[in-house]
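From just these sequences and the hints, can you work out the full model?
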Amino acid sequence: MHSHFLTRASWGFLIFLIYLFLLAPIIVVVIISFDTRPYLAFPPEHLSLRSYALVLQNATFVHSFGVSLAVGMVVAALALIAGTLASLALVRHQFRLRNAAAFTFITPLLVPHIVLAVGVLLALATLDLIDTYTGIIVAHVGITIPYVIRTVSMSLEAVDIRVEEAARVHGATSLTTFRRITLPLILPGVISGAVVAFLISFDEAVISLFIVNTHVRTLPVAIFNYLEFKTDPQVAALSVILILISLILVVVIERAIGLRRVLR
Amino acid sequence: MSVAAIADQAPPHISRSDRPLVALLLLPGLAAIAVTFLLPLLWLVRISFSDAAPGIVTGGSGTLVNYVKIVTDPFYWRIAWNTILLAAVVCVLATTISYPVALFLARTNSRWRGVLAALAIAPLLTSTVVRTYGWMVILSDQGVINGSLLWLGIIDAPFRLANNFTAAVIALTEILMPYAILAMLSGLGRLNSELEGAAALLGANRWKIFSRIILPLSLPGIATGALLVFVLCISSFVTPRLMGGGRVFVFGTEIYSDATATLDWTRAAALSILLLVLFSCVIFIYQRIMKSIEL
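Sequence order for the protein chains is X and U. Per the numbering used here, the very first residue in the first sequence carries number 1; after that it's consecutive. Per the numbering used here, the very first residue in the second sequence carries number 1; after that it's consecutive.
Rather than coming from a laboratory, the hints here were simulated on the basis of the structure. Hints may be right or wrong, so weigh each one.
What the hints assert, rightly or not - Just a sample of chain X residues kept apart from chain U, beta carbon distances all over 12 Å, derived:
#1 Val29
#2 His46
#3 Leu49
#4 Arg50
#5 Tyr52
#6 Ala59
#7 Thr60
#8 Met73
#9 Thr132
#10 Tyr133
#11 Gly171
#12 Thr176
#13 Leu187
#14 Pro188
#15 Ile191
#16 His215
Claimed, not checked - Reference excerpt, derived from the structure (chain U facing chain X, CB under 10 Å, subset only):
#17 Asn146
#18 Ile181
#19 Ile283
What the hints assert, rightly or not - Per label pair, the in silico range of CB-to-CB distance:
#20 X:Arg37 <-> U:Leu42: 47 to 53 Å
#21 U:Asp51 <-> X:Leu183: 50 to 56 Å
#22 U:Leu201 <-> X:Ile161: 37 to 43 Å
#23 X:His215 <-> U:Val65: 30 to 36 Å
#24 U:Phe284 <-> X:Ala102: 17 to 23 Å
#25 U:Leu21 <-> X:Phe103: 18 to 24 Å
#26 U:Gly246 <-> X:Ala102: 53 to 59 Å
#27 U:Leu195 <-> X:Gln57: 57 to 63 Å
#28 U:Thr72 <-> X:Arg37: 48 to 54 Å
#29 X:Leu175 <-> U:Glu194: 44 to 50 Å
#30 X:His4 <-> U:Gly246: 50 to 56 Å
Every value quoted in this text rests on a predicted model; they were computed, and no experiment measured them. Built from N, CA and C at the ideal position, the CB exists for glycine as well.
In structure tokens, the structure reads:
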């Protein structure tokens with residue numbers, strides 16, 4: 001009995017240590033963001049909000065934040081429409097090339113982003129779309145569609161088809177059935193899909209680094225460029241803001257579809 | 001009609017004769033994939049076989065010269081070795097460290113399970129750049145580790161923890177762990193307490209239950225998690241670049257500097273194709289492993 005307790009305790013401690021390692025960068029960034037000094041140092045001497053004030057006055061970061069926000073929202077909207085329609089075809093219909101279509105939709109996940117980045121760079125260069133909104137939105141839609149299809153398909157599969165059939169039997173058209181029955185039922189999956197698509201676009205650094213310059217510099221690119229020369233607490237403050245945004249969106253997903261369900 | 005016969009049929013809701021509708025539903029998605037994925041990849045292949053001048057994507061003729069230059073240059077063999085070594089070390093570390101967490105999350109009945117699971121994968125939803133910055137803060141000369149040791153008076157001069165291969169390994173391990181945890185968790189869905197209870201009832205001790213039931217059932221998840229980490233690692237460049245401080249050379253960092261600094265796009269394209277080949281080899285090996293596990 002005693003040794004059993006000991007194993008359990010050391011097991012719990014091991015899990016705690018792993019969690020500490022996993023969350024270390026985030027914890028440290030939060031602490032550093034409140035440091036008063038203009039350079040990176042630890043432990044902090046005095047705590048202040050100076051870094052936050054500096055970030056809000058930093059024109060590059062503020063501009064980039066706006067760019068990332070706009071790009072993320074457009075990408076989420078486009079990926080959501082294309083992904084939801086595709087999920088309906090894949091889950092609700094039987095057709096000859098169904099497996100081929102389903103495979104096509106996950107191919108962007110099968111190729112490393114850096115390889116895709118070079119391809120997108122070359123394709124956009126031919127079309128003269130480097131460093132444009134069109135270019136970066138086009139690049140992000142492809143890599144976010146698979147995630148939307150995943151969440152929406154998951155919700156669609158969970159819907160009891162007899163409910164849809166009941167509506168059809170009672171004379172509803174397929175469009176009405178979708179609008180009044182299916183859509184409300186899969187709404188959590190649709191919302192999660194949109195949120196995930198936004199987050200992926202908002203955080204995407206690899207492809208963006210290849211195809212943007214000063215004009216549509218997204219936030220991750222701006223931070224990357226900054227970090228190549230400086231590591232001061234300003235970036236920490238900015239990071240905390242970004243972590244908070246992620247956190248809010250994670251909570252949205254949790255409430256909409258339940259992270260437990262997404263995990264399974 | 002018997003119940004079994006009904007179950008064998010395709011579900012009744014699936015309609016067969018609405019091809020135009022299916023085509024219409026698939027069209028936007030397929031068009032997006034074509035434009036954002038297939039077209040760029042085709043372009044990549046084309047440019048990798050071209051001898052166009054730096055920064056130019058038109059002109060030039062079909063040639064193998066880019067590949068020949070890379071394959072005959074020992075520098076690129078060293079880069080390939082670095083890339084595989086980095087990925088292998090990170091893969092082993094991330095998989096090993098992630099497994100206890102996945103196992104814990106799969107088996108716990110705690111009411112905090114949801115929160116703990118979210119905590120384990122939430123880092124996935126924060127930018128890689130931000131988390132890499134976190135590791136720069138931890139490992140740099142004035143950072144958390146050195147700063148604390150100096151402040152406590154344990155050391156006089158900072159350890160060299162940042163800007164090297166080890167720093168890249170540590171940061172990548174942490175950054176890729178959530179992927180491994182997620183993959184393992186979905187693999188561990190097959191675990192159930194009844195199976196363990198039955199084994200215990202039949203007199204198996206804890207170690208036996210682990211080695212005979214839990215571990216074999218987790219193997220597919222472990223393999224998938226390891227694959228994900230390895231594959232994400234061989235194509236990483238943000239973390240090796242920032243953590244390596246320009247001293248860690250892998251495929252990713254080379255492709256980035258060719259594509260954005262020297263504008264040697266034909267070489268960047270050829271290197272990308274070679275990375276893709278390496279990638280495919282890894283997937284092939286993974287499928288062989290999965291087959292042997294499933295048998």
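* **Structure versus earlier hints - violations, ascending order** => Hints 1, 26 not satisfied by this model.
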